[in-house]
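A.B. asks: Now for the letters of each chain:
2 protein chains.
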Amino acid sequence: MTKPFENTAKYRAIFDTARELFWKHGVRRVSVEEICRNAGVSKMTFYKMFPNKVELAKHIYDRIVDVAMEKFRALMFMNISVDEKIRKMIELKIEGTHNISQEFIQDLYKNPDLGLKVHVEETSRKTWSMIAECFREAQRKGVFRSDIRPEFLLYYTEKMAEMITDERLIRICGSPEEAIKELIGFFAYGISEHQ
Amino acid sequence: MTKPFENTAKYRAIFDTARELFWKHGVRRVSVEEICRNAGVSKMTFYKMFPNKVELAKHIYDRIVDVAMEKFRALMFMNISVDEKIRKMIELKIEGTHNISQEFIQDLYKNPDLGLKVHVEETSRKTWSMIAECFREAQRKGVFRSDIRPEFLLYYTEKMAEMITDERLIRICGSPEEAIKELIGFFAYGISEHQ
DNA sequence: AAAATATTATACGATATATGTAAAATATAA
DNA sequence: TTATATTTTACATATATCGTATAATATTTT
Chain A
1 MTKPFENTAK YRAIFDTARE LFWKHGVRRV SVEEICRNAG VSKMTFYKMF PNKVELAKHI
61 YDRIVDVAME KFRALMFMNI SVDEKIRKMI ELKIEGTHNI SQEFIQDLYK NPDLGLKVHV
121 EETSRKTWSM IAECFREAQR KGVFRSDIRP EFLLYYTEKM AEMITDERLI RICGSPEEAI
181 KELIGFFAYG ISEHQ
Chain B
1 MTKPFENTAK YRAIFDTARE LFWKHGVRRV SVEEICRNAG VSKMTFYKMF PNKVELAKHI
61 YDRIVDVAME KFRALMFMNI SVDEKIRKMI ELKIEGTHNI SQEFIQDLYK NPDLGLKVHV
121 EETSRKTWSM IAECFREAQR KGVFRSDIRP EFLLYYTEKM AEMITDERLI RICGSPEEAI
181 KELIGFFAYG ISEHQ
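Going down the list, the sequences are from chains A and B.
First residue of the first sequence? That's 1 in this note's numbering, and the numbers climb one at a time after it.
First residue of the second sequence? That's 1 in this note's numbering, and the numbers climb one at a time after it.
It should be emphasised that the hints constitute simulated quantities derived from the structure, not laboratory data.
Mixed in with the good hints, there may be bad ones.
Remember, identical chains collapse to one label, so a pair may be satisfied in a single copy or spanning two.
Stated by the list, open to error - The list that follows gives simulated cross-link-like pairs (lysine-lysine, DSS-like), each with its CA atoms no further than 30 Å apart:
| id | residue 1 | residue 2 |
| --- | --- | --- |
| 1 | 48 | 141 |
| 2 | 117 | 10 |
| 3 | 126 | 53 |
| 4 | 117 | 43 |
| 5 | 71 | 88 |
| 6 | 43 | 88 |
| 7 | 85 | 10 |
| 8 | 110 | 58 |
| 9 | 43 | 141 |
| 10 | 10 | 141 |
If you're wondering where the values come from, they're calculated on a predicted model, not measured in any experiment.
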């Protein structure tokens with residue numbers, strides 16, 4: 001699966017340049033030639049390494065997901081308190097939403113013909129079940145209360161990440177820090193195996 | 001000069017949508033049809049109101065400059081202390097740099113064929129001399145020391161705005177607030193008519 | 001309601017830009 | 001030098017964008 005050129009400077013140049021441009025403007029607005037120009041690479045080497053723009057976008061997307069997944073998995077096996085684990089989980093969720101730009105997502109849904117949509121949906125399904133499995137593992141270990149559906153937990157962490165950036169909640173709690181503390185406390189005491 | 005449709009909702013919709021899109025992606029990446037779609041206006045009404053995309057961009061640019069200029073002019077005639085005046089001047093300068101996006105500027109210089117470059121340069125020249133005139137006025141009134149060239153003042157305020165956002169200076173001064181105070185104090189005592 | 005006006009949808013030819021490939025020229029490494 | 005990798009240039013093809021014309025549809029005015 002690993003191509004011989006995956007560790008070359010040019011490969012990384014294309015990858016990084018494209019990620020930056022896709023991030024800012026989405027896939028549609030960015031041309032292959034533009035990527036090459038900014039990466040200091042000829043169009044031919046681009047096509048030697050990637051079949052086309054969309055495949056590159058998929059590749060970049062997958063890498064972002066991979067890194068996020070690895071972080072999540074590591075977190076779940078970390079030996080820290082439930083409170084701490086939840087805090088980091090939410091942080092990760094927020095970081096994740098910042099890592100995939102609005103422009104990127106918009107291209108996904110407004111331009112489904114790019115073929116990115118199917119790919120992202122597929123990945124999401126896999127990711128989703130992988131996270132759920134991590135939750136189940138934590139339940140088996142007695143870290144999380146066992147009579148909660150992992151899917152619900154997943155949904156809930158997402159909502160938490162949303163809430164934390166909500167101006168209204170911050171006003172209610174006085175400051176973002178207080179809001180986080182409040183939410184985590186609430187979440188932890190509702191979820192953790194109470195002794 | 002004022003067109004009959006300049007106060008209509010559709011006009012404003014086009015204007016606002018285009019400004020937002022140009023702001024994010026520059027002029028080149030945004031198409032007329034995209035502007036229309038997002039503004040909820042047909043292409044024909046667009047072309048009824050604006051001859052083409054570039055003219056719209058010029059128009060938007062001019063408006064931004066106009067507003068900034070008006071704010072500056074008002075500031076110069078405000079009855080506040082020299083310190084306060086300088087602080088607000090710098091704030092205005094910073095706000096101004098935030099008001100014209102990097103993407104917009106890049107299109108200006110990387111795509112000179114759009115014809116925007118000449119226009120911006122022309123406007124800059126006018127703006128520049130207008131600000132210089134304001135400085136001269138302040139000198140006549142005895143608010144600013146009279147043996148300083150207005151062009152130098154202009155250059156200096158720009159440098160100040162730069163310095164304030166410089167991480168290095170902030171570290172030196174301890175905090176952004178301290179940095180601002182330090183700079184303004186320095187600027188004021190070097191420039192104000194000492195009694 | 002009818003007439004006048006404004007707005008939209010659609011279609012269109014004309015350009016402009018983007019894509020992916022081929023072949024020749026140049027640089028780099030063995 | 002020979003072999004390999006990379007770039008340059010050019011190209012055919014496809015797609016996107018532009019600006020306009022026209023007919024259909026809303027909206028206002030009379």
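A.B. asks: For every hint, state whether the structure bears it out.
C.D. replies: Verification of the hints:
1. 48 / 141: neither (48 Å within a copy, 68 Å between copies)
2. 117 / 10: Classified as within; 28 Å inside a copy, 33 Å across copies.
3. 126 / 53: For residue 126 and residue 53, only the intra-copy Cα distance (23 Å) is at most 30 Å; the inter-copy one is 44 Å.
4. 117 / 43: both (26 Å within a copy, 29 Å between copies)
5. 71 / 88: within (10 Å within a copy, 45 Å between copies)
6. 43 / 88: Intra 42 Å, inter 49 Å, cutoff 30 Å: neither.
7. 85 / 10: Neither: 38 Å inside a copy, 51 Å across copies.
8. 110 / 58: both (16 Å within a copy, 29 Å between copies)
9. 43 / 141: Cα proximity of residue 43 and residue 141: none, with 52 Å in one copy and 61 Å across.
10. 10 / 141: neither (45 Å within a copy, 60 Å between copies)
When the structure is compared with the earlier hints, violations turn up for hints 1, 6, 7, 9 and 10 and for no others.
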